[in-house]
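Q: All chains should be built: construct the whole structure from the sequences, respecting the hints.
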Amino acid sequence: MSRIINFNEAILEATEEILTNHSNSIIVGLGVPDPKGIFGTTLGLTEKYGSNRVYDMPTAENAMTGIAIGAAINGLRPIMTHQRVEFSLLGIEQLINQAAKWHYMTGGKSRVPLVIRLIVGRGWGQGPQHSQFLEPIFAHVPGLKVLCPSSAYEAKGLLWSAFNDDNPVIFFEHRWLHSTKSIVPETPYSLPIGKCNIVEEGTDFTLVSYSYGLTECRKIAKILKSFDIHPEIVDIRSLRPIDHQTIIESVKKTGRLLCIDNGWSHMNIAAEIISNVVTETFKSLKSPPQRIGIADVPIPSTRSLANLVYPSLKDIAHKIETIMERKIFPDQFSFPENQDVPDQSFTGPF
Amino acid sequence: MPSIPSYKMDQETKYELLHSMLFIRLVEEKIAEKYSENQMRCPVHLSIGQEAIASGVCAHLSPNDKLISAHRSHAHYLAAGGDLKAMLCELYGKIDGCAKGKGGSMHLIDLEAGLISAVPIVGSSIAIGTGVAWSNRIQKLDGIVAIFLGDGATEEGVFSESLDFAALHDLKVLFVCENNHYSVYTHISERQHSKRSICDIARAHGITSFSAEGNEVVEVYDLTKEALSFMNDNACPVLVEFSTFRWREHCGPNWDDDLGYRKDGELKNWMDKCSIKSLRDNLGISDTRYLNLVNELNEMILDAFKHAESSQFPNESELVSDVYA
Ligand SMILES: Cc1ncc(C[n+]2csc(CCOP(=O)(O)OP(=O)(O)O)c2C)c(N)n1
Ligand SMILES: [Mg+2]
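These protein sequence lines map, in sequence, to chains A and B.
Be aware that the first sequence starts at 286, since it is given in the working numbering, and climbs by one per residue.
Be aware that the second sequence starts at 3, since it is given in the working numbering, and climbs by one per residue.
No lab work stands behind these hints, which were simulated from the structure alone.
Where is the CB? At the ideal position from N, CA and C, for every residue including glycine.
It is possible that part of the hints are untrue.
To be verified - Where chain A lies over chain B, by a calculated footprint (3+ residues, C-beta under 8 angstroms):
#, segment
1, 113-125
2, 131-141
3, 201-210
4, 286-296
Claimed, not checked - Short derived list, chain B residues pointing at chain A, Cβ under 10 angstroms:
#, residue
5, Ser-38
6, Ser-312
7, Pro-316
Claimed, not checked - Lysine-lysine pairs mimicking BS3-like chemistry, simulated, CA-CA at most 25 angstroms apart:
#, chain 1, residue 1, chain 2, residue 2
8, A, Lys-599, A, Lys-568
9, B, Lys-16, B, Lys-227
10, A, Lys-568, A, Lys-538
11, A, Lys-321, A, Lys-466
12, B, Lys-32, B, Lys-308
13, B, Lys-36, A, Lys-321
14, A, Lys-466, A, Lys-538
15, A, Lys-321, B, Lys-227
16, A, Lys-333, B, Lys-36
17, B, Lys-227, B, Lys-142
18, B, Lys-265, B, Lys-279
19, B, Lys-270, A, Lys-321
A: As structure tokens, this is what we get:
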């Protein structure tokens with residue numbers, strides 16, 4: 286049986302199933318047991334599974350990351366959560382030097398089955414230290430896996446896959462996805478790690494993104510339909526390992542590529558995708574591939590500037606005209622403008 | 003440990019402290035009131051209930067002194083003499099904001115008032131403030147650095163690491179811990195062992211420490227005076243810990259006692275110990291005089307709000323400016 290639920294409910298559901306089915310699973314994170322339950326993703330877990338399975342923690346991300354690694358190498362399977370990506374940076378030494386290398390440098394004798402959930406902020410003036418994605422930093426490092434669900438369905442399946450994996454997995458949740466809905470099976474399931482998902486088949490060009498970027502892809506695809514243009518939308522889903530093959534196959538078919546990145550354009554995921562596409566499909570390309578990401582600046586608090594940081598549908602439309610090598614949208618076409626909230630019900634403060 | 007002398011505070015100083023605390027309280031209450039207009043679109047961490055520490059400590063800061071704060075910085079900014087209009091413009095995201103709207107409430111700065119910065123990643127400001135004091139020392143500059151930090155921030159490794167360095171190099175740092183017993187929704191007993199003492203941690207690093215009731219502004223003032231004279235006599239860092247309580251939600255304008263994360267009566271207990279009320283009673287100010295003061299401050303505050311509301315947003319060119327120096 287399936288039904289429609291929110292992204293945050295899907296995370297909660299997967300976590301409950303994990304706690305029920307795996308007695309060696311533990312949950313830890315600042316605010317996990319609190320009345321807001323990490324944006325609703327951990328609500329009620331302490332009451333149901335007890336405080337020896339579900340933990341709050343001191344504001345000590347560096348030590349706590351190492352402690353979670355220690356717990357993982359000694360038989361537990363922790364899921365650690367940070368309410369913002371930036372808070373995990375205090376523990377980045379433990380993640381990059383220790384967790385990522387552990388299996389390799391022990392000659393395969395020891396493993397770190399650890400999931401780190403990182404929430405990406407956006408809007409409502411979060412500003413420079415509370416709204417960075419930073420996914421390339423993690424995706425750069427061999428030994429880590431990096432997942433970026435784009436819907437409630439992906440969130441539940443990928444959280445299960447992350448949990449079942451015997452390696453440290455970084456699991457990015459975009460704050461603006463938490464309130465999005467999709468059809469989610471009631472029973473446990475997992476999705477393949479390192480496999481793209483073709484969200485919509487199409488012939489005119491390949492549109493690649495991940496996480497919140499998929500929301501923008503769907504919006505622009507809807508507009509494009511009225512101009513009889515049909516992109517093939519590919520959700521990368523897993524940034525490491527990454528499934529270049531599916532993207533290459535798609536570009537071989539369409540001959541055109543646009544990547545929508547969630548982060549800065551300089552040294553980003555889209556660069557990695559385009560580099561592989563150019564190397565592997567150079568002869569089938571009809572136009573130079575394009576990428577679009579956020580402006581190359583720290584993310585400002587004020588909405589007048591923050592709305593300019595993120596690519597708007599109009600910016601994306603221009604890029605599409607570039608790769609399609611023709612004008613598509615009439616000059617007076619009005620695209621919805623960027624807002625600093627996911628919807629009008631969001632009134633901050635976090 | 004040095005004993006704490008009981009300074010006979012003159013009426014004028016008391017009145018100044020009352021003025022400072024009341025000013026902070028009224029600004030914060032006005033922010034809370036106007037937040038629902040959805041024009042201050044950034045996370046705000048209000049200081050209501052904790053004003054005595056900011057006012058009592060900052061009263062001792064002289065022009066060469068500096069301070070650094072964290073996410074809950076409005077009180078420190080205002081007590082240090084930060085520009086109210088620039089602060090409100092920052093909250094409204096306007097170009098006249100102290101950081102041109104680029105930072106928001108969590109990134110206040112007023113160099114003229116000595117406020118180096120406010121840093122919302124918990125603990126990070128402690129090291130930065132220590133570094134400012136180190137550079138004071140190397141360059142033989144006068145002045146101390148007051149680092150405001152919460153009880154939660156003492157859990158970060160950077161706290162102990164900074165204490166060690168400050169002690170090792172005899173840096174003139176006043177570590178000011180505002181222990182409000184909570185980090186977001188989590189009581190200190192769920193984060194720190196009952197035998198863990200923040201003052202003892204400082205002592206274990208070779209740093210003299212004092213603690214006092216943070217809702218008694220006279221105590222805060224006296225203790226800070228004592229701490230600073232100890233620092234100047236001995237050329238060393240000092241830590242002061244004040245116990246206090248945040249009245250409203252951790253982040254945002256609302257009351258949230260209904261969520262039940264705090265013990266029944268805990269908030270009321272602390273509200274009964276309101277620093278403003280007790281100093282007002284102590285001073286024996288008449289109702290009329292007090293109301294006059296409230297009205298006078300509110301008028302100035304409303305004027306600053308009007309300024310912030312009517313100021314301009316930064317224009318597009320500001321997006322790419324300031325990335326590099
Ligand atoms: C490194 C880091 N971890 C977590 C957070 C989220 N956070 C913001 S404020 C805060 C509470 C800190 O408590 P305390 O230092 O006692 O300050 P208070 O809010 O009580 O004034 C937390 C956990 C953060 N900003 N930075
Ligand atoms: Mg606190």
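Q: Now tell me, hint by hint, if it's right for this structure.
A: For each hint, the structure was consulted:
1. 113-125: holds (count 5)
2. 131-141: violated (count 0)
3. 201-210: violated (count 0)
4. 286-296: Check failed, 0 qualifying residues.
5. Ser-38: holds (8 angstroms)
6. Ser-312: violated (15 angstroms)
7. Pro-316: Because about 6 angstroms separates Pro-316(B) from the closest Cβ in chain A, which is inside the 10 angstroms limit, the hint holds.
8. Lys-599(A) / Lys-568(A): violated (30 angstroms)
9. Lys-16(B) / Lys-227(B): holds (14 angstroms)
10. Lys-568(A) / Lys-538(A): Measuring from Cα to Cα gives roughly 12 angstroms; hence the hint holds.
11. Lys-321(A) / Lys-466(A): holds (19 angstroms)
12. Lys-32(B) / Lys-308(B): Roughly 12 angstroms between the alpha carbons, so the hint for Lys-32(B) and Lys-308(B) holds.
13. Lys-36(B) / Lys-321(A): holds (24 angstroms)
14. Lys-466(A) / Lys-538(A): violated (31 angstroms)
15. Lys-321(A) / Lys-227(B): violated (41 angstroms)
16. Lys-333(A) / Lys-36(B): Cα-Cα ~39 angstroms, so violated.
17. Lys-227(B) / Lys-142(B): Cα-Cα ~23 angstroms, so holds.
18. Lys-265(B) / Lys-279(B): holds (23 angstroms)
19. Lys-270(B) / Lys-321(A): Holds, because 23 angstroms separates the two Cα atoms, which is no more than 25 angstroms.
In this structure, the hints that do not hold are numbers 2, 3, 4, 6, 8, 14, 15, 16, in rising order.
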